[in-house]
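Enquirer: Residues per chain are reported as follows:
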Amino acid sequence: MSNSNQPEVRVVHTPTFIDGSDLETPILKILQQDGTLYEGAALPDIDQALALKIYDTFLFIRALDERMVAAQRQGRISFYMTEIGEEAADIGSTAAMASDDLIMAQYREQGALAFRGFPLKQFMHQLFSNENDLGKGRQMPIHYGSRDLNYLTISSPLATQLPQAVGYAYGYKLEQKDNCVICYFGEGAASEGDFHAAINMAGVFKVPVIFFCRNNGYAISTPSSEQFAGDGIAPRAVAYGVKAIRVDGNDVLAVLKATQEARRMAVENNQPVLIEAMTYRLGAHSTSDDPSGYRSKKEEEKWREKDPVQRMKLWLINQGWWSEARDAEELDLKRKNVMAAMKEAEQVPAPSIDELVTDVYDVPPQHLVDQLSELKAHIRKYPDAYPKTAWRLNDE
Amino acid sequence: MSNSNQPEVRVVHTPTFIDGSDLETPILKILQQDGTLYEGAALPDIDQALALKIYDTFLFIRALDERMVAAQRQGRISFYMTEIGEEAADIGSTAAMASDDLIMAQYREQGALAFRGFPLKQFMHQLFSNENDLGKGRQMPIHYGSRDLNYLTISSPLATQLPQAVGYAYGYKLEQKDNCVICYFGEGAASEGDFHAAINMAGVFKVPVIFFCRNNGYAISTPSSEQFAGDGIAPRAVAYGVKAIRVDGNDVLAVLKATQEARRMAVENNQPVLIEAMTYRLGAHSTSDDPSGYRSKKEEEKWREKDPVQRMKLWLINQGWWSEARDAEELDLKRKNVMAAMKEAEQVPAPSIDELVTDVYDVPPQHLVDQLSELKAHIRKYPDAYPKTAWRLNDE
Amino acid sequence: MSNMNLLQAINNALEIAMSKDDKVVCFGEDVGHFGGVFRATSHLQEKFGKSRCFNTPLTEQGIIGFANGLATQGHKPVAEIQFADYIFPAFDQIVNESAKYRYRSGNQFDVGGLTIRSPYGGGIHGGLYHSQSPEAYFTGTPGLKVVIPRNPYQAKGLLLASIRDNNPVIFFEPKRLYRASTGEVPEGDYEIPLGVAEVVKEGTDITILGWGAQMEVLEKAVALAEKDGISCELIDLRTLLPWDVNTVVDSVKKTGRLLISHEAPRTGGFAGEISATIQERCFLHLESPISRVTGLDTPFPLAHDKEYMPDHLKNYEAIKQSVQF
Amino acid sequence: MSNMNLLQAINNALEIAMSKDDKVVCFGEDVGHFGGVFRATSHLQEKFGKSRCFNTPLTEQGIIGFANGLATQGHKPVAEIQFADYIFPAFDQIVNESAKYRYRSGNQFDVGGLTIRSPYGGGIHGGLYHSQSPEAYFTGTPGLKVVIPRNPYQAKGLLLASIRDNNPVIFFEPKRLYRASTGEVPEGDYEIPLGVAEVVKEGTDITILGWGAQMEVLEKAVALAEKDGISCELIDLRTLLPWDVNTVVDSVKKTGRLLISHEAPRTGGFAGEISATIQERCFLHLESPISRVTGLDTPFPLAHDKEYMPDHLKNYEAIKQSVQF
Ligand SMILES: Cc1ncc(C[n+]2csc(CCOP(=O)(O)OP(=O)(O)O)c2C)c(N)n1
Ligand SMILES: Cc1ncc(C[n+]2csc(CCOP(=O)(O)OP(=O)(O)O)c2C)c(N)n1
Ligand SMILES: [Mg+2]
Ligand SMILES: [Mg+2]
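Sequences listed follow chains G, H, R and U, in order. Taken in order, the first sequence gives residues 0 to 395; the numbers are from numbering that gives the first Met the number 0. Taken in order, the second sequence gives residues 0 to 395; the numbers are from numbering that gives the first Met the number 0. Taken in order, the third sequence gives residues 0 to 324; the numbers are from numbering that gives the first Met the number 0. Taken in order, the fourth sequence gives residues 0 to 324; the numbers are from numbering that gives the first Met the number 0.
Covered stretches of chain R, going by a simulated chain G footprint (3 or more residues, C-beta under 8 Å): (1) 19-32; (2) 120-134; (3) 287-299.
It is worth saying that the hints were derived from the structure and are not from the lab. Source: prediction; values computed, not measured. We put the beta carbon where it would ideally sit given N, CA and C, even for glycine.
Bound-form chain G, shown alone:
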């Protein structure tokens, strides 16, 4: 039909329905669990330095996640989310990006930020909402962001970053920059209307964006079988002028390879790409969650055997780039560093009360100035009731 974008259309005279069985989405795998490559597998662009940087980030995140879950249990921080089991997905893909490509994360991609070089102490300042937090202590733990590292501050409402990624990428295109946005989201978030808006607009505007879906099987307690009835997320791209690829999300080489290819298409041809990484959240949704209410230990066990960190370690050892001894040493060191940084960050005071009203606007308008000064007067009256802030007012 002339208003269809597909020029040649096959005409039929008996009803012919299409459905999921008409489209097959293969999955890319490069690295086997034993650390050897599949036969005929095409290696990504990776050298020893990059490999070790990725793996180093893996270990750091394991140490950080493990420690901070414990810290939450001890009541030192209020909330935490781990990415255990999914490290290959976010870290492997970020490793394919240029360092000035924008990252838009959902919330389970601290690995991507660590890979970019976010200092351990900055993680801690955010987690403890102290005065050194770049976000000024305003958001819950794990809502990191860094302008310097091109990592957009995380926002809790799901999928809002997807159409934003298209707009940001449009800016790159307008300015003819050789950059690309990578935008992470879960298979649950992909049910939001913003997902549809984003993927459709990316196709229409032809912008350099990679939509990276971590399909980890669950959205809190909801299994993907109750989230969608189709074959995952990748096939959705097919209808929108977006290319898609599915990868084994626990296979860091497959993730890296797919993302390198995707970035090339995005930057060279303004071709948006969707990557679906099949993986599994080995931990709880967050420290507020207990997965035993909705899934079996057996299922978890099956996925623990596919551990992406272990898989990469074996490959590194096969390459002669790593050893079990170094591994233990390095993990131990990281644990110590995390512990030390935590102890330091928890001593840092909360941000000044002035920060309660800054950044609502570029300049605080009169009513906020008034509200702040009334509040200060009140705190001065009842200093014991506001211990976080009162001591500073007295200093003023």
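Given chain G, work out where chains H, R and U with the ligands should sit, using these hints.
Expert: Leaving out everything else, chains H, R and U with the ligands in the frame of chain G:
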């Protein structure tokens, strides 16, 4: 992968991207423009009575649309929208439904309502917002609705009816009724987030719903090439556990056939189906629009040659069920009826002022009772300023 | 009677509503087998089956769109939005659809059976997106009812009334009190009528008005003020739309003073509406300006949530200021 | 100076903004080649190319999401929502994202470059969905600015200021005046500062406050009242958030009376906020209750739109009542 709903997955070791070229959506055509069938075409379930009822509705809508556009130009009504060129799509599909199946329309499906038997005078009451309007004069012209005829009152915000159709259909399923919802929308509306929510939920909940897309090439001035980059709307279903079929929307037999099949699947198997009817809006978007600003006469001409009404007429004549003479006579009669009904409806007064505050809630709460009585007192004070309502208050 | 916390009272109300009327259907994100992230719908799927209590995909606009359709069909959907902060993707379905369904169709179609439940408010270290009190976005929408309970007893009676009310109702639950607030709750079925405020405590010097979790804070403030010899009349508005103007007017005519308190930011908060209406109705009775003690005009902060909140001390100070005016 | 209608003034402002700053980009439904359904963006695509003025797919949540991303990138998107009635699918992107972007990131990221334009209000026989005045849904959201011009001169100056303001601005255009309101407008570049109300006419007996299309109605009402010897001070608020409290306070301290008028329904309308604030600030100066003349608490009707509207006669009556109190 185990959390994908597709059990068998092909594994590849070099990056393999999927895109629109991996999926072909054929188009169903049964009737040729000369009124003969394509070779090998499968006729829908249709007898002379049904055929004539459909065609009668075609003629009625042509007469109504033509007259009401003129009425709007004369300033008799404020607004109107025609469905010229698309009659086969909505009328042909509604003809496949049971009379107690709910219809959820967008706004360009007056034909579906006429097919259900909505009286001419009710059309007029709505268009003139008079006291006999079932909608109590509250909405703009063409926002019809009829509880008796299972035609949901039209709402202007686009695509909102799509997730509602899923909920309504879920109600049928809960009550094990042999019914199905048919939900109409344009290819423009399909860009809204509600479309995505609806199609995904329909797949997950497996409900008896038909999403019927009139892909008429434009959303006001926006051509479908700026609306989406894929091959129309049908392929979107493939990723969501929904079946899809594309039909020639100007071919009433193809539309009827596809919808009959779709309804069967929906009712028997709770299988949601998306139908994409390829058609063209021959008229302006609405009486507020002038299409010459965004498309060529030549393009319009090309589509005028595919006129669905003409096509069906030739088929009926071939069947020996109709003649050119009867056609002229019938159209003439309908025009006269429309004119007479219009003249009658424009004499009917506006609804009583009381209707300004009813139906906000089931029972008007105190503040609305108060606001109404203050308003009445005010109108009594300035009767000349409120001529539509003041005369009635004096009667009270 | 049995001792329940607020969550148990909600759960109990849902169970009663579902067992008495098979048109009642509960759904939302994680609402099914898991019973919701706060467990308000625990065991309902077991008891009533998957078709009447189930998970939805993660799409608030879809959830409310679906609920609107189901309500139009004659069912009584009780849709949960996991946090009130996430109700905004559904804003169009609520404000343009639910609220206007009956009016636009001339009462041919309505979504009167619809109830939207959602935990709201601060005090759980939630920062910007797990703390909002968005009630005023809805109180400006004719066609909706907005209900907020303050304790388990109220929650059960008001929720049962909301589910059975023939209008779309938004029912915000003070999540800070989910486990913290406990009390005696009748085991059987009962309803607390919508649109009626409750005078929780009578007094003569000043009227103190609030709703939801703020009522606890106000009780503390009142206790402080009473020690100073200020007699406070404390009112729980309970239904914010349509609200019980007469009860507040009667009280203010008696006390001559009014303080309204809510967690939401001041500008555009519902206290403004109440203040405007009461000064229209009680102008000659007012002995001091109607006072608003509210959240600040900022997003909800994390590190400074204590400073942001309209706590008992701020209310106590405002009571004194009003009386000393 | 040249004579322009309100649409031409908007179009002219956009043209100036785009030609002076290539970071300014205009888009929305039908905004490109066609120039928008009201033609506010006419010829901009011709002049600045398809990459800076273009159609979007039909998705308001997508449009504002896209605009947020582009603004974060340092551009100055001017996004059109075709009718204010259709802004609600974008509510989450506006309220949870645009408004909170800078705050939540500690000023690392912001969407200060964003402007959202949308025609609002009644008077064009639009019924429920082409008539709404949704300003109060946004004035309750810290982080946003809300601006509404009353005539072509104001529209151009305020729009230029909005586009250049380093905060997200919602700019509602009174569509009833698009062609009906004409006036002399400077051809060059000028800005009218945000956050500053304008005393349109001085007076001593009562302050009359409005914005947008309602200003015309209020002028008529004032003319009637002045014939009766009532001296009215007429103020155009212009920026609703953050609003110019001082100008209104000063005026009310002088006149002792205040009337606020808007088309939106009364309950939850922005008049309530103003009333509450002014009675706090001017309690001892008020000689009569602050009066609100507004739309009814119903959806916007069609057949009875004249009866629904807060027209000059209703305002005139309310002025008399206030003065005679
Ligand atoms: C708009 C919105 N709705 C609901 C939530 C609550 N919520 C937080 S995470 C989550 C599940 C997300 O699942 P998925 O996208 O698969 O990511 P995963 O946690 O698996 O990494 C939900 C429902 C939210 N943050 N935002
Ligand atoms: C949410 C929303 N946004 C915008 C509009 C304004 N509008 C009315 S019709 C229309 C175009 C619809 O195009 P399509 O869905 O293709 O239907 P068609 O007119 O072609 O039948 C637009 C943008 C609206 N009614 N609702
Ligand atoms: Mg997930
Ligand atoms: Mg169309």
